[in-house]
Amino acid sequence: MLKFLIRRTMQSLVTVFLLFTIVFLMTRATGDPVGLLVPPEVGAETVAHVRQNLGLNEPYYVQYALFLKSILTADLGTSFLARRPVMDLILERLPVSMILAVASMLLGVLLAFPLGILSALKRGRKIDSCIQIFGAFGIATPQFWIGLILIQIFAGHLGLLPVGGAESWRHFILPTCTLGLLQACSMLRILRSNMIEALGTDFVALARAKGLSEARVVGVHALGNAVLPVLTFGGLLLASLMTGTIVVESVFALPGLGRLAYDAALFRDYPLVQGVVIVAGVIIIAINLLIDVSYAFIDPRIQLDNS
Amino acid sequence: MIRSRLPWVSIFILFVFLMMAILGDLIAPQDMYAQNLMKRLEPPVWMEGGSWAHIFGTDALGRDILSRLIGGVRTSLAIGIIGLLIGGGIGGAVGIIAGYSGRYVDTIIMRLADASLSCPMILFALLLSVSLGSGITSALTAICMVIWAPFARVVRSEVLVIREMDYVKVAQISGASSIRVLFRHILPNVANTLIAFAGLQIGFIIILEATLSFLGVGISPPTPAWGSMTAEGREYLATHWWVSVIPGTAITITVVAFTLFGDWLRDRLDPRLGRKDWHPS
Chain A
1 MLKFLIRRTM QSLVTVFLLF TIVFLMTRAT GDPVGLLVPP EVGAETVAHV RQNLGLNEPY
61 YVQYALFLKS ILTADLGTSF LARRPVMDLI LERLPVSMIL AVASMLLGVL LAFPLGILSA
121 LKRGRKIDSC IQIFGAFGIA TPQFWIGLIL IQIFAGHLGL LPVGGAESWR HFILPTCTLG
181 LLQACSMLRI LRSNMIEALG TDFVALARAK GLSEARVVGV HALGNAVLPV LTFGGLLLAS
241 LMTGTIVVES VFALPGLGRL AYDAALFRDY PLVQGVVIVA GVIIIAINLL IDVSYAFIDP
301 RIQLDNS
Chain B
1 MIRSRLPWVS IFILFVFLMM AILGDLIAPQ DMYAQNLMKR LEPPVWMEGG SWAHIFGTDA
61 LGRDILSRLI GGVRTSLAIG IIGLLIGGGI GGAVGIIAGY SGRYVDTIIM RLADASLSCP
121 MILFALLLSV SLGSGITSAL TAICMVIWAP FARVVRSEVL VIREMDYVKV AQISGASSIR
181 VLFRHILPNV ANTLIAFAGL QIGFIIILEA TLSFLGVGIS PPTPAWGSMT AEGREYLATH
241 WWVSVIPGTA ITITVVAFTL FGDWLRDRLD PRLGRKDWHP S
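Heads up: the sequence lines are chains A and B, in that order. Here the first sequence stands for residues 1 to 307, numbered as in the working numbering. Here the second sequence stands for residues 1 to 281, numbered as in the working numbering.
Because the hints were derived from the structure by calculation, they are not lab data. It is possible that part of the hints are untrue.
Pair by pair, the computed Cβ-Cβ distance ranges are [claimed, not checked]:
#1 B/I108 / A/W169: 20 to 26 Å
#2 B/W8 / A/L228: 19 to 25 Å
#3 A/T73 / B/M19: 57 to 63 Å
#4 B/E164 / A/V293: 27 to 33 Å
#5 A/L91 / B/I108: 29 to 35 Å
#6 A/I298 / B/M19: 34 to 40 Å
#7 B/I108 / A/L66: 22 to 28 Å
#8 A/T46 / B/I108: 35 to 41 Å
#9 A/A65 / B/I22: 50 to 56 Å
#10 A/F134 / B/A191: 28 to 34 Å
Chain A stretches covered by chain B per the calculated footprint, using a threshold of three residues with CB under 8 Å from any CB of chain B [stated by the list, open to error]:
#11 19-28
#12 137-145
#13 245-259
#14 275-287
Just so we're clear, the structure is a prediction, and the values are computed from it rather than from any experiment. Quick reminder that beta carbons are idealized off the backbone N, C-alpha and C, glycines included.
Can you make the complete structure from the sequences, with help from the hints?
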């Protein structure tokens, strides 16, 4: 177990390191990073100063070391627009995105499990077709569009819910539904496939033959084996969740991390966009690590798989 | 195993859209770039005040929505297919190499894939749009950066199994070069998986492009793209819903058709993919 923990943690560290490298290369790939990192209106003196600080007159490996050093000391530079450290701006906006992500993930799970199980049990019947079509529409409809329609109906016509800002929990309802729907439909599709597979296995047949109740067979024997791939997938969904928050936050004017990145991109505030990429990437890698490690405690097969 | 029927509805829809994309200007009733400020925000033909001249009405600049919708099909399908070929091609090739060579090559490639899967790619697209400027190049680059990794993963896991097959061993022992083994013995056997996976991914690529265009970092105006058309209609949603709702519906219909077709393709070619089917980006 300890060996697995160490190996898995090392893997994550390598991934984080690669993430930093990609971001570093991207600033350099387009030529002189000064054009990206310094607001256009400043004078030659400041430019020279920034060059000095970033070590742009030094060879690339020195620049890279300086870049890593600044990230590791949580110094992500200064936003052009706000004229404040990028890290502070990100920490202010992070909670809103976290609430949105967790709430929509919960909603996704609450919808996906009953529907996915039902669909697998009633395979080939009308209700299964309906659920599958619902799933197909759910993953096929762009989130920005669902968001616009929900705003139109619930905020516009019915005037039930507020839009814009994050003052109360009611501001989170529509964004959560928009984001949760995609989570639900993607999980639902995988859960269905895995449930169908599990229901066809020998151990489920055995459980039935032993005369266990159908609820126990489905709930414990089949679901228990179908659920792990779905949860691993849930970890992968995190990245798409982050993408979703950018779209949803910009549609609903919710002041989270995604909205921050979007506004920053509009105003060509490069250090800020870069900072959000780094922070969001590290968070996702860390959560995936946590998920993997906790599964290893639940399911001993995982350690064997990885060796 | 329930034999899945051919998804005729999806095939029909995709065929119609494909024709629209190929014929484009020839069948578009109006010039898709022509602005006419006298005819701003005209309603579709079935609503009061609509006319047959503009079947789906006009947008805020007086451009014919149907014509722009036809132009948008071309953008969506072109980006979808090009993105799939480049991104899927790179991912497939890298996956085969990783699976076949094993050891440190495999480790490096798979760690890179993990890194790119854990990055919210729309953020990268935003970053690219700031550094490269928005447009087709940044959109395609971002799309390829999103989809190569899932392709690499799926193909690699296939190759790991095929590599151990007897016929591969026999080919290796009888002195076939690595290149020959890869192309003659392994590639044909991952082709099914590759095609099935491509079928599942193309819808996502179209959504991704639409999302990028919606956020203003994808296809730049005035080129018609469904995502940017939806974004343009945003301000008029309360009063002139069709400007935004019609292109949005078009995206959904296309992607649903691709998804159902992809599901059928998967059931035919590689049913196991269903258990690891997942959503990138």
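Results for each hint:
{"no.": "1", "hint": "B/I108 / A/W169: 20 to 26 Å", "in the structure": "46 Å, violated"}
{"no.": "2", "hint": "B/W8 / A/L228: 19 to 25 Å", "in the structure": "36 Å, violated"}
{"no.": "3", "hint": "A/T73 / B/M19: 57 to 63 Å", "in the structure": "58 Å, holds"}
{"no.": "4", "hint": "B/E164 / A/V293: 27 to 33 Å", "in the structure": "29 Å, holds"}
{"no.": "5", "hint": "A/L91 / B/I108: 29 to 35 Å", "in the structure": "33 Å, holds"}
{"no.": "6", "hint": "A/I298 / B/M19: 34 to 40 Å", "in the structure": "52 Å, violated"}
{"no.": "7", "hint": "B/I108 / A/L66: 22 to 28 Å", "in the structure": "25 Å, holds"}
{"no.": "8", "hint": "A/T46 / B/I108: 35 to 41 Å", "in the structure": "40 Å, holds"}
{"no.": "9", "hint": "A/A65 / B/I22: 50 to 56 Å", "in the structure": "53 Å, holds"}
{"no.": "10", "hint": "A/F134 / B/A191: 28 to 34 Å", "in the structure": "32 Å, holds"}
{"no.": "11", "hint": "19-28", "in the structure": "holds (count 5)"}
{"no.": "12", "hint": "137-145", "in the structure": "holds (count 8)"}
{"no.": "13", "hint": "245-259", "in the structure": "holds (count 3)"}
{"no.": "14", "hint": "275-287", "in the structure": "holds (count 6)"}
This entry does not satisfy hints 1, 2, 6, going by the numbered hints stated previously.
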